[in-house]
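> Please build the complex by placing chain B on the supplied structure of chain A, with the hints as guidance.
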Amino acid sequence: MFYPALTIAGFTVLEALRNRLIWLIGIMIIGVFALSEFAGELAITESGELQSSLLAATLRIFSVFVVSLFIITSMVREFNDKEFELVLSLPIARATYYFGKLLGYSVLATVIAVLVSLVVLLHAPATQVLLWSASLTCELLIVAALSLLCMFTFNQITPAFSAVMAFYLLSRSVSAIQLIGHSPLVDSGTVSQWVINAIVDGIAFLLPNLDQFALTDWLIYHTGDWSVMGPILGQTVIYVGLLVAAALFDLYRKNL
Amino acid sequence: MLKRERPIREIPRSVLIGLALALVLQITWHSMRVPTHATAEGLPAPVPNEQLRAISLGDPIALAKLMMLWLQAFDNQPGISIPFKDLDYDKVTGWMELILELDPRGQYPLLAASRVYGEVPVEGKQRHMLDFVYRQFLLDPNRRWPWLAHAIYVAKHRLKDLPLALKYARAMTLYARGDNVPQWARQMEIYVLEDMGEAEGAKVLIGGLLESGTITDPHEIRFLTERLKRIEEEKSNSSGDH
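These protein sequence lines are chains A and B, in that order.
If you read the first sequence in the numbering used here, its first letter stands for residue 8, the second for the next number, and so on.
If you read the second sequence in the numbering used here, its first letter stands for residue 2, the second for the next number, and so on.
No wet-lab data here; the hints were simulated from the structure.
Yeah, the Cβ is synthetic: ideal placement off N, Cα and C, and Gly gets one too.
Treat the hints with care, as some may be off.
[What the hints assert, rightly or not] A partial selection of chain B residues facing chain A, derived with a Cβ cut-off under 7 angstroms:
| id | residue |
| --- | --- |
| 1 | 16 |
| 2 | 19 |
| 3 | 26 |
| 4 | 27 |
| 5 | 28 |
| 6 | 30 |
| 7 | 31 |
| 8 | 35 |
[Claimed, not checked] Distance ranges between label pairs, derived from CB positions:
| id | chain 1 | residue 1 | chain 2 | residue 2 | range |
| --- | --- | --- | --- | --- | --- |
| 9 | B | 106 | A | 132 | 31 to 37 angstroms |
| 10 | B | 57 | A | 212 | 35 to 41 angstroms |
| 11 | A | 206 | B | 51 | 37 to 43 angstroms |
| 12 | A | 212 | B | 92 | 47 to 53 angstroms |
| 13 | A | 18 | B | 10 | 28 to 34 angstroms |
| 14 | B | 25 | A | 97 | 55 to 61 angstroms |
| 15 | A | 29 | B | 15 | 33 to 39 angstroms |
| 16 | B | 13 | A | 166 | 24 to 30 angstroms |
| 17 | B | 34 | A | 99 | 34 to 40 angstroms |
The shape of chain A in the complex, shown without the other chains (with noise of 0.2 angstroms):
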């Protein structure tokens, strides 16, 4: 099983790179910096802050766009020409060929996670950087597994798409919403209230707190030490175990 999968992600990488994907990267990258340098320019004071601000919370969400759009395209053309059907007329498990296409994809995202902080380094300290960049590689490692169940699930890029970016955008806020949802202000006896506080208890349970994820204050701020990562990295074990357990549900179902 161990060699096959290998295959299957040096491949996957391949094709990501011969996708130049890395050049978009390079690109966005030049862009963003030139922004966030512009941004800088017009501040009064905190410039560097806001430089920092700007471009971790710009790159952090244009690597989890590039990341789960490449998967998705990349997923969707395999299916369409058939090479998946290919690869398992192989002598080779469903499971291995997902797990090899995991490996390829999380091998990419680590990689985007550490480019992206070789320029967040030019405004903060190293230490701090390093930890970001942990913290972001699981962020992506999460999105990776999630891009691929939601492929396997939807079958087509703008569900699966935008499925991604919903389970993101909840999975990044609903700490946010729960505190409102239980806010003194609210009226919390009405029964329309407690519903509502219930399901999105429930939604809360089922998500990963990436609020904690790859935070702007260590950057800017420096208070990240590198104990906040036992949490991140038990988060990350959990969460693409049930994805990838999930993806492997979908993946035994699909007939071929």
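Frame of chain A; chain B shown alone:
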């Protein structure tokens, strides 16, 4: 015809067990999380208008509307409530000025200034908001007159500052001259003058209005004429007392 999905029994048992286990682990992990605590944040200083225009992606009105919601919700940050009176009103008006620059035809910041931020039981802050409304009125009187009318009411009845109310009412009479501005709004100066005991001034103003021919509604002419008579009666009574 080929079915799109195979039955669940075709799925390896290890995958099913793994899925159930991962789900339980995720729920357990979430339950063990330390709940997020709400912390109050201070309102940041307004940013330069140029920056906002840049991030509006060419749609400053949409950004202005969103910013107003953000500003309005600032008292109610996730899980915590900050009394309006504890907000820094210089920053609040700074943000509202920016929002009005992005969307000059929008009325939302003026409504918030008059009816939300101006309702706090702190006189200094009320005056701050009234001044903001007055300054913004001067920039577009025919559209922003309703908020100055409210400011006149607040100055007269809540702050009991008749000179201030008169200053606003005079501005209303002088600058709000569009067809959409009702006569009663332009006549507010009369009432303020009356309350100040400036019966002569009120009389002159009503007389001027009636003679100018700008009032055409017969009900309004009758109302003003009666008011003029009443002022004259009161004046003659008070001079008789002396």
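> Now tell me if each hint is right for this structure.
Each hint tested on the structure:
1. 16: 5 angstroms, holds
2. 19: 4 angstroms, holds
3. 26: With a closest approach of 5 angstroms, the residue 26 (chain B) hint holds.
4. 27: 5 angstroms, holds
5. 28: Cβ of residue 28 (chain B) sits 5 angstroms from chain A, so the hint holds.
6. 30: 5 angstroms, holds
7. 31: 5 angstroms, holds
8. 35: 9 angstroms, violated
9. B:106 x A:132: 31 to 37 angstroms: Taking Cβ atoms as reference, residue 106 (chain B) and residue 132 (chain A) lie about 47 angstroms apart, which means the hint is violated.
10. B:57 x A:212: 35 to 41 angstroms: With a Cβ separation near 37 angstroms, residue 57 (chain B) and residue 212 (chain A) satisfy 35 to 41 angstroms, so the hint holds.
11. A:206 x B:51: 37 to 43 angstroms: Since the Cβ atoms of residue 206 (chain A) and residue 51 (chain B) sit about 42 angstroms apart, the hinted range of 37 to 43 angstroms holds.
12. A:212 x B:92: 47 to 53 angstroms: 38 angstroms, violated
13. A:18 x B:10: 28 to 34 angstroms: Holds: the Cβ-Cβ distance is about 32 angstroms, inside 28 to 34 angstroms.
14. B:25 x A:97: 55 to 61 angstroms: For residue 25 (chain B) and residue 97 (chain A) the Cβ distance comes to about 35 angstroms; the hint is violated.
15. A:29 x B:15: 33 to 39 angstroms: At roughly 36 angstroms between Cβ atoms, residue 15 (chain B) and residue 29 (chain A) fall inside 33 to 39 angstroms, so the hint holds.
16. B:13 x A:166: 24 to 30 angstroms: Holds - the Cβ-Cβ distance for residue 13 (chain B) and residue 166 (chain A), about 27 angstroms, lies within 24 to 30 angstroms.
17. B:34 x A:99: 34 to 40 angstroms: 39 angstroms, holds
Hint compliance for this structure: hints 8, 9, 12, 14 are not met, and every other hint is.
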